[in-house]
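S.K.: Single-letter residue listing:
4 protein chains.
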Amino acid sequence: MHEHQSPGYVDDKADLLKRLKRAEGQVRGIARMVEEDVYCIDILTQVSAATKALETVALNLLEDHLSHCVAQATAEGGPVAEEKLREASAAIARLVRS
Amino acid sequence: MHEHQSPGYVDDKADLLKRLKRAEGQVRGIARMVEEDVYCIDILTQVSAATKALETVALNLLEDHLSHCVAQATAEGGPVAEEKLREASAAIARLVRS
Amino acid sequence: MHEHQSPGYVDDKADLLKRLKRAEGQVRGIARMVEEDVYCIDILTQVSAATKALETVALNLLEDHLSHCVAQATAEGGPVAEEKLREASAAIARLVRS
Amino acid sequence: MHEHQSPGYVDDKADLLKRLKRAEGQVRGIARMVEEDVYCIDILTQVSAATKALETVALNLLEDHLSHCVAQATAEGGPVAEEKLREASAAIARLVRS
Numbered sequence: 001m002h003e004h005q006s007p008g009y010v011d012d013k014a015d016l017l018k019r020l021k022r023a024e025g026q027v028r029g030i031a032r033m034v035e036e037d038v039y040c041i042d043i044l045t046q047v048s049a050a051t052k053a054l055e056t057v058a059l060n061l062l063e064d065h066l067s068h069c070v071a072q073a074t075a076e077g078g079p080v081a082e083e084k085l086r087e088a089s090a091a092i093a094r095l096v097r098s
Numbered sequence: 001m002h003e004h005q006s007p008g009y010v011d012d013k014a015d016l017l018k019r020l021k022r023a024e025g026q027v028r029g030i031a032r033m034v035e036e037d038v039y040c041i042d043i044l045t046q047v048s049a050a051t052k053a054l055e056t057v058a059l060n061l062l063e064d065h066l067s068h069c070v071a072q073a074t075a076e077g078g079p080v081a082e083e084k085l086r087e088a089s090a091a092i093a094r095l096v097r098s
Numbered sequence: 001m002h003e004h005q006s007p008g009y010v011d012d013k014a015d016l017l018k019r020l021k022r023a024e025g026q027v028r029g030i031a032r033m034v035e036e037d038v039y040c041i042d043i044l045t046q047v048s049a050a051t052k053a054l055e056t057v058a059l060n061l062l063e064d065h066l067s068h069c070v071a072q073a074t075a076e077g078g079p080v081a082e083e084k085l086r087e088a089s090a091a092i093a094r095l096v097r098s
Numbered sequence: 001m002h003e004h005q006s007p008g009y010v011d012d013k014a015d016l017l018k019r020l021k022r023a024e025g026q027v028r029g030i031a032r033m034v035e036e037d038v039y040c041i042d043i044l045t046q047v048s049a050a051t052k053a054l055e056t057v058a059l060n061l062l063e064d065h066l067s068h069c070v071a072q073a074t075a076e077g078g079p080v081a082e083e084k085l086r087e088a089s090a091a092i093a094r095l096v097r098s
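Chains as they are written, first to last, in my numbering: chain G, 1 to 98; chain B, 1 to 98; chain P, 1 to 98; chain S, 1 to 98.
Don't read these hints as lab results, they were simulated from the structure.
Please note that a few of the clues may not be correct.
Stated by the list, open to error - Simulated crosslink set (SDA-like; lysine to any residue; CA at most 25 Å straight-line):
| hint | chain 1 | residue 1 | chain 2 | residue 2 |
| --- | --- | --- | --- | --- |
| 1 | G | 18 | B | 38 |
| 2 | B | 21 | B | 32 |
| 3 | P | 21 | P | 63 |
| 4 | G | 13 | S | 83 |
| 5 | G | 18 | B | 78 |
Quantities reported herein were computed from a predicted structural model and do not represent experimental measurements.
One chain only, chain G, in its complex shape (with noise of 0.2 Å):
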């Protein structure tokens, strides 16, 4: 993990947070309508609500790592610029390919 100043996100947390609270919500939801044997079909609504909910997340940290993470160190250029790039590029196509 690395360590570093106050992160990109930290204006958004609390909506963040309140994000994350929700989706682990549905995702209990889920188990519990496992455990009932509720239809196939309406579980796999509610994991792709779930999957929806995350990629959400997601989005709403990169944008804020984009603009201030990525931002500051292309205002400053150099190795640590190239790195902040590369580091945003494979995280954006991790994200495409989950």
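Mind docking chains B, P and S on chain G? Use the hints.
M.R.: Same frame as chain G, now just chains B, P and S:
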């Protein structure tokens, strides 16, 4: 929600519940990372992992649904079979687009 | 490649070919944009559109496959049905992960 | 469409055009498979491959865009930088959701 005979995933229930428990823990872990101001990219890596875990649950549910509910309905034929196939295709589309 | 009776998509062949012709044109159009140094974001918009067009082709093919090849095999039951279901689930997983 | 100085992908133009040419050929090949009544699953495999090829084009374009257009704008700061970051995030969201 639909009520019906025992679901197609009944034999995989324990595995599904174990995967969902782990996914729930992953989402809770992501929230903790946000609370602790962990670096954005490290959080994004965990979000991609949790999204993939949920996709695996969905793919396993879908395989069971096709092998049991849809297979049984198509063996009997008629409008029930058509509805099951339509439903399954719509669920696949949601999964692909999420 | 498999040889077999007429495919599940036989009734939708004209529509599939029309969609594929359009997708081919979209990809050629994207190449032209690159040649003409068009702004990256405008090209990315077209790549997302072409990707979605291909996904629609895949979803339509899959629906036909489930409704004909898989339905027919499951009506007969036995190892052929199991193989068809396994194949369909693997194809869905590739689509979800691509 | 935007008009502007040379695009971020200018150094990767040859590679992008080669990939797009190949993707175009893949889509044409898929159409031929449909014309020849090839088995659905074999066609689906090729559609997933073509979709992945287009995603790689998009990810490469995005990396170049971030490293040049966005980096340059953020070095200058101000409203142009904000617009570039907003645009890039919207393009990433379209890519993730397609």
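S.K.: Give a verdict on every hint.
M.R.: Verification of the supplied hints:
Distance hint between residue 18(G) and residue 38(B) is fulfilled; the C-alpha atoms sit about 17 Å from each other, no more than 25 Å. At roughly 17 Å between alpha-carbon atoms, residue 21(B) and residue 32(B) fall within 25 Å of each other, so this suggested pair holds. Only pairs whose Cα atoms come within 25 Å are accepted, and residue 21(P) paired with residue 63(P) is accepted, the gap being roughly 20 Å. The straight-line distance between the Cα atoms of residue 13(G) and residue 83(S) is roughly 23 Å, inside the 25 Å bound, and the hint therefore holds.
Annotation: proposed proximity of residue 18(G) to residue 78(B) is violated, straight-line Cα distance about 46 Å (limit 25 Å).
Hint 5 from the earlier list is the only one contradicted by this structure; the remaining hints agree with it.
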